[in-house]
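K.L.:
Dock chains B and C against the given chain A, drawing on the hints supplied.
Residue numbers (the working numbering), protein chains in the order written: chain A, 1 to 233; chain B, 1 to 250; chain C, 1 to 142.
Bear in mind the hints are in silico, worked out from the structure with no lab data behind them.
Keep in mind that the hints are not guaranteed to be accurate.
To spell it out: a stretch of chain A is covered by chain B in this simulated footprint if at least three of its residues, at any positions, have a beta carbon under 8 Å from a beta carbon of chain B; those stretches are [claimed, not checked]:
#	stretch
1	20-31
2	92-99
3	186-192
4	211-223
Yeah, the Cβ is synthetic: ideal placement off N, Cα and C, and Gly gets one too.
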Amino acid sequence: MSSVSLAATPSASMLLVGQVRRDLKIAMRSPGDLANPLMFYALAVALFPLGVGPSPERLAELAPGVLWVLALLATLLGLETLFRRDFEEGTLEQLALHAQPLFVGVLAKIGAHWLVTGLPLVLFAPIAALMLNLPMQALDTLMITLLLGTPILSVLGAVGAALTVSLRRSSLLLALIVLPLYVPVLILGAGAVAAVVDGVDSTAQVAWLAALCALALTLAPFGAAAGLRVGLD
Amino acid sequence: MASLKEWWHRLGSPRTFYAIAQRAGPWFTGLGVAAIVVALTWGLAFAPPDYQQGNSFRIMYLHVPTAILAQSVYMMLGAAGLVLLVWRMKLADMVIVAAAPFGMSMTALALVTGAIWGKPTWGAWWVWDARTTSMLVQLFLYFGLIALRQAIPREETAGRACAILAVVGTVNIPIIKYSVDWWLTLHQPSTFTLTAAPSMPPEMYLPLLVSVLGFYALFAGLVFARTSNVILDRERSTAWVRALVREQTS
Amino acid sequence: MNPIRRNRLIAVLFLLAGVGVTTALVLTALNENINLFYPPDAIVAGEAPVGARIRAGGMVKEGSVEHADDRLAVRFVISDLAGADVPVVYEGMLPDLFREGQGVLCTGRLGADGVFVAEEVLAKHDENYMPPELGAMHKKPA
Numbered sequence: 001m002s003s004v005s006l007a008a009t010p011s012a013s014m015l016l017v018g019q020v021r022r023d024l025k026i027a028m029r030s031p032g033d034l035a036n037p038l039m040f041y042a043l044a045v046a047l048f049p050l051g052v053g054p055s056p057e058r059l060a061e062l063a064p065g066v067l068w069v070l071a072l073l074a075t076l077l078g079l080e081t082l083f084r085r086d087f088e089e090g091t092l093e094q095l096a097l098h099a100q101p102l103f104v105g106v107l108a109k110i111g112a113h114w115l116v117t118g119l120p121l122v123l124f125a126p127i128a129a130l131m132l133n134l135p136m137q138a139l140d141t142l143m144i145t146l147l148l149g150t151p152i153l154s155v156l157g158a159v160g161a162a163l164t165v166s167l168r169r170s171s172l173l174l175a176l177i178v179l180p181l182y183v184p185v186l187i188l189g190a191g192a193v194a195a196v197v198d199g200v201d202s203t204a205q206v207a208w209l210a211a212l213c214a215l216a217l218t219l220a221p222f223g224a225a226a227g228l229r230v231g232l233d
Numbered sequence: 001m002a003s004l005k006e007w008w009h010r011l012g013s014p015r016t017f018y019a020i021a022q023r024a025g026p027w028f029t030g031l032g033v034a035a036i037v038v039a040l041t042w043g044l045a046f047a048p049p050d051y052q053q054g055n056s057f058r059i060m061y062l063h064v065p066t067a068i069l070a071q072s073v074y075m076m077l078g079a080a081g082l083v084l085l086v087w088r089m090k091l092a093d094m095v096i097v098a099a100a101p102f103g104m105s106m107t108a109l110a111l112v113t114g115a116i117w118g119k120p121t122w123g124a125w126w127v128w129d130a131r132t133t134s135m136l137v138q139l140f141l142y143f144g145l146i147a148l149r150q151a152i153p154r155e156e157t158a159g160r161a162c163a164i165l166a167v168v169g170t171v172n173i174p175i176i177k178y179s180v181d182w183w184l185t186l187h188q189p190s191t192f193t194l195t196a197a198p199s200m201p202p203e204m205y206l207p208l209l210v211s212v213l214g215f216y217a218l219f220a221g222l223v224f225a226r227t228s229n230v231i232l233d234r235e236r237s238t239a240w241v242r243a244l245v246r247e248q249t250s
Numbered sequence: 001m002n003p004i005r006r007n008r009l010i011a012v013l014f015l016l017a018g019v020g021v022t023t024a025l026v027l028t029a030l031n032e033n034i035n036l037f038y039p040p041d042a043i044v045a046g047e048a049p050v051g052a053r054i055r056a057g058g059m060v061k062e063g064s065v066e067h068a069d070d071r072l073a074v075r076f077v078i079s080d081l082a083g084a085d086v087p088v089v090y091e092g093m094l095p096d097l098f099r100e101g102q103g104v105l106c107t108g109r110l111g112a113d114g115v116f117v118a119e120e121v122l123a124k125h126d127e128n129y130m131p132p133e134l135g136a137m138h139k140k141p142a
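So that you can see chain A by itself, here it is in the shape it has in the complex (with noise of 0.2 Å):
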């Protein structure tokens, strides 16, 4: 092995943002797969009242843990084609036998992925929390709390995709591998809403899930990057 051929190839920081461009790019073009997740989100807050009746205070019982629920729900939507595409047409492994590390590509993949199905969740979130009736106090404890775990969501994601990602009908597996990880963001950010609208101090559980979200994005990455090269062998 030379360093010949360094001079050429793009930085580490580089690859990053080319390719979050690059994937955003793809997800702009197809404007229907993009609003899905957030669409099945809003439908899926919808029916609540329906099945549970729209009695205001039970509504706003609910509320934490519903929104935080289907947010785990509407995340598990996208996932299965955060790799699929670049499998099936080999764009995945140019990314794996590119001179930077693969983690640096996963890491940005899993980056677009959030901009495009975890953002507009936390962006949605002031209509949800109003169709469900959710105290105001509570809101930005809401918002905050998704903005700090839909990273971990979409990052925990990745590596259940990455696992599936040379299988062709996965969605299911994928939702039994990666469900169970989900659980102490769950309580975490649902607890925290909660405790909010118990007029509660939540700054415990907004401190563990930053811990948790930190945890997370620094070691899922190389865990998506090793289930990706099982999956390209």
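P.N.:
The following block gives chains B and C in isolation, referenced to the frame of chain A:
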């Protein structure tokens, strides 16, 4: 150092492991079954009843060992996964295939016995408390692992994918446990630990200890037996397995 | 630099940075009380927030349980057996293992008058398993 490394790689060869398993497996199985029978007879018939729970606490002699096994088997799967990923030792994959269903059964058994214990104690078959909930998540982790293993057709790919998932799951288990504990804390704390003196009198915890050791021995015996089967199946085209089959059939 | 070494360096730097940030956040989180569980002495000392949904736990004081005649309402006192007592009111079914002198865990809100209004009462399971004779001995000296 060199000899230790050599020993490690020799152990990793299916042929050596098969020989060891054939020799040690039946002993572990026999010892395990004997210990479980002794412990259950002792615990169910002779140990004194609890002053508050009466006789219903006796299911502990089944519940606690299965719950301990449910967790330690998953930890072992994680360790085996790491061995497979670091040393590319295919034996580790065979052990995962052999041990995962046992761990899943133990988890299911722990949930069922927990429900049976819960009915007289709390008045409900199912209570969403910290322990039962962690155990339920644990069951789903086993489901995911086994489902992934079966979904991927290529043996080698499936093995490595499962190894990664087992390692990820093992890293996650403490986080899941901690968060679930925080979520709800009503259950007896771990009935006994190896470091602290048990708070039960000896006539109550000794049968429990025997029962736990029995379940561990049974697990070891069954893993030896099941891994032997997997080895024979996967290595069927090798010379030594052919020679073995010829020897046994002639 | 050799590309393999360089990639390893990138990975190690990334891991170090991530683990550092995680550790800092965990240390912040550890400073916060996540439990919402308050023992009687903390409530008496005024550390528990008034009107927020919290959990209080302690031993049911001997002789403090009063049942209402016509309803399921019950009043009792939880104590840490060291002088701190908190009065509790509750309306509903008490669990089977609820007894005087035993531990309970109440979820509810603390009123401004210092009375804890419980929404749920759980009997904390005794973590000492013991035979009946020992149990009787254990109770007597109190």
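K.L.:
Against the earlier hints, flag every one the structure doesn't satisfy and list their numbers going up.
P.N.:
1 and 2
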